[in-house]
Structures are given as structure tokens and as C-alpha cells.
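Plus 39 on top of the position in the sequence shown (first one is 1) and you've got my numbering.
Note that these hints are calculated values from the structure, not bench results.
Across the chosen pairs, the derived CB separations fall in these ranges: (1) Ile281 x Ile83: 29 to 39 Å; (2) Leu245 x Thr147: 38 to 48 Å; (3) Asp191 x Ser229: 38 to 48 Å; (4) Arg304 x Asp188: 51 to 61 Å; (5) Arg305 x Pro196: 38 to 48 Å; (6) Thr147 x Thr101: 53 to 63 Å; (7) Asp191 x Pro65: 35 to 45 Å.
All C-beta atoms, glycine included, are put in the ideal place defined by N, C-alpha and C.
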Amino acid sequence: MNAMTIPTAHPHRETRTRSHDAHGVPAALRSERIKISTVRTFTILLGLTVLSGLVTSWATGTFVTDEVLFAKEVFLYSTVLTSIFASITGILLFTSEAQHGTLAGVLTSQPARWVIVVAKSCVAAAAGLGLGALGMAAGFGGSLLAGLDVGDTSALPRIIAWSLVFTTASGVLGVGLGMIARNSAAAISSLLVWSLVVENLLREFLNASAARFLPFNAGNGLLNIPATNDTAARKAVQLSSIENAVVFGGFTAVAVAIGTFLLYRRDAN
40 MNAMTIPTAH PHRETRTRSH DAHGVPAALR SERIKISTVR TFTILLGLTV LSGLVTSWAT
100 GTFVTDEVLF AKEVFLYSTV LTSIFASITG ILLFTSEAQH GTLAGVLTSQ PARWVIVVAK
160 SCVAAAAGLG LGALGMAAGF GGSLLAGLDV GDTSALPRII AWSLVFTTAS GVLGVGLGMI
220 ARNSAAAISS LLVWSLVVEN LLREFLNASA ARFLPFNAGN GLLNIPATND TAARKAVQLS
280 SIENAVVFGG FTAVAVAIGT FLLYRRDAN
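Make a model of the complete structure from these sequences and hints.
See the structure below:
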């Protein structure tokens with residue numbers, strides 16, 4: 040009796056490569072763009088950006104009468120709020136999916152999680168750039184409505200460029216915070232408490248050389264807006280625009296890196 044030979048199956052096992060995953064980036068970008076353009080919250084943030092720009096500049100130009108103001112400086116005042124709106128946009132890009140149970144479906148359709156991070160970060164950066172430009176345009180309009188003179192505009196392109204760097208990076212920072220917290224309320228409240236309360240307290244009590252490295256202190260430094268409580272010691276050690284961008288960008292990169300690590304370690308749900 041001949042021995043029966045049982046064939047051993049060697050199925051072809053397909054493995055994803057980094058190049059294969061990278062081909063999914065355009066589709067992921069398109070998906071994130073569609074999401075942000077159809078979400079009501081982003082429309083509300085757009086409206087708040089325009090409203091805050093108009094009202095802040097108009098009110099400053101109308102009611103501040105003890106100093107000479109120019110539109111070239113007042114139009115930037117609302118950009119601090121715009122950066123927060125940009126961060127909230129980035130937060131919601133991730134937390135809305137994590138909280139509503141759609142993240143699992145996203146990761147099933149695109150298993151390479153770094154692709155999701157890249158897509159959300161790019162869309163958040165674009166949103167921050169757009170919000171920044173819109174807020175400054177509204178701020179300039181509010182300044183003119185208040186009757187302010189434009190002033191010397193020779194340095195305006197540089198100031199606008201650095202301000203847009205701030206709002207753009209703020210959107211990416213929000214993605215990192217969202218991935219870390221995975222909860223909209225927790226991430227947004229932490230952002231607001233830190234940027235509006237904790238940093239202001241630290242700025243008062245820390246040494247000026249240390250306080251200049253606080254994230255939003257560095258971000259606000261990109262706006263070239265002098266603070267009323269700046270002391271001579273603070274002005275003497277203040278960072279340049281490039282250094283402020285490096286500090287704020289460093290915090291942004293760390294937040295995204297930690298969030299990406301947690302995204303890989305945690306379950307989709």
C-alpha cells in the first residue's frame with residue numbers, strides 16, 4: 040500500500056509595506072477633509088473666529104482712548120483666541136470619533152495608524168491656517184470700522200506669517216491633545232485651563248528665563264504683541280520669533296508623538 044502524501048499548503052501571505060501604507064494617505068486626507076467640512080462644530084468655530092476678530096478689534100479701537108493705536112497691531116489681538124479655536128478643531132477631529140464609536144471603523148479601513156495621524160494633523164494644520172487668516176482679516180476690518188489708521192505696514196508680512204505659524208501649529212497640537220485624552224470635554228477643558236489660567240500664573244511666579252519656554256507664552260510671542268505686565272527683565276530675555284516657533288513646535292511635536300504612541304497601544308474602542 041502506497042503511503043498517502045498529504046500536500047502541505049503554503050498560502051501566499053500578503054504583508055503591508057510602508058510604501059503600501061503611504062499610498063493610503065491621499066484617501067485618508069480626503070476622508071478627513073470631508074468630515075471637517077460637514078461637521079457643524081467647525082462652522083461654529085469659523086463664526087466665532089470672525090466674530091471675535093471683529094468685536095475685539097472694534098472694541099479696542101473704540102474704547103481704548105489713552106494711547107495711540109494702529110490697525111497694524113490691533114488686528115492681531117484676537118489671534119490668541121483663534122489659536123485656541125484651532126486647537127479645539129484639532130481635538131475634535133480625533134475625540135469625536137473616539138467618543139462616538141467610529142474610530143474602530145476608521146482603523147479597520149486603514150490599519151496603518153500613522154496614516155490616520157498624518158491625515159488628521161494635515162487637515163488640522165490647514166484648518167488652523169484658514170482660521171488664522173480669517174481671524175486676522177476680520178480683525179483688520181474691525182480696526183478700520185473703529186476708525187483706526189493703518190500705520191506703518193513694512194513689517195506686516197513678517198508678523199502675519201509668524202502669526203499663521205502659531206495658529207497652524209495650534210491645530211496640530213489639538214490633534215495630539217485629542218489622541219492623549221480621547222475625550223472632548225477633558226481635552227478642551229485642559230487646554231483652556233492651561234492656556235488661560237495656569238500659564239498666566241506660572242508666568243508671574245517663574246523666573247523670566249524659565250517662563251519664556253512655556254508653550255503658549257512662546258506661541259503668543261510669535262504675535263509680536265507687547266504684554267502690559269512685561270517687565271524689563273522679561274523683555275531682556277525674550278526669545279526671537281524663530282526661537283518661539285521652535286519652542287511651541289517642540290511642544291506640539293511631543294504631544295503628537297505621545298498621542299501616536301497611545302493610539303498604537305490602546306484598543307480602538
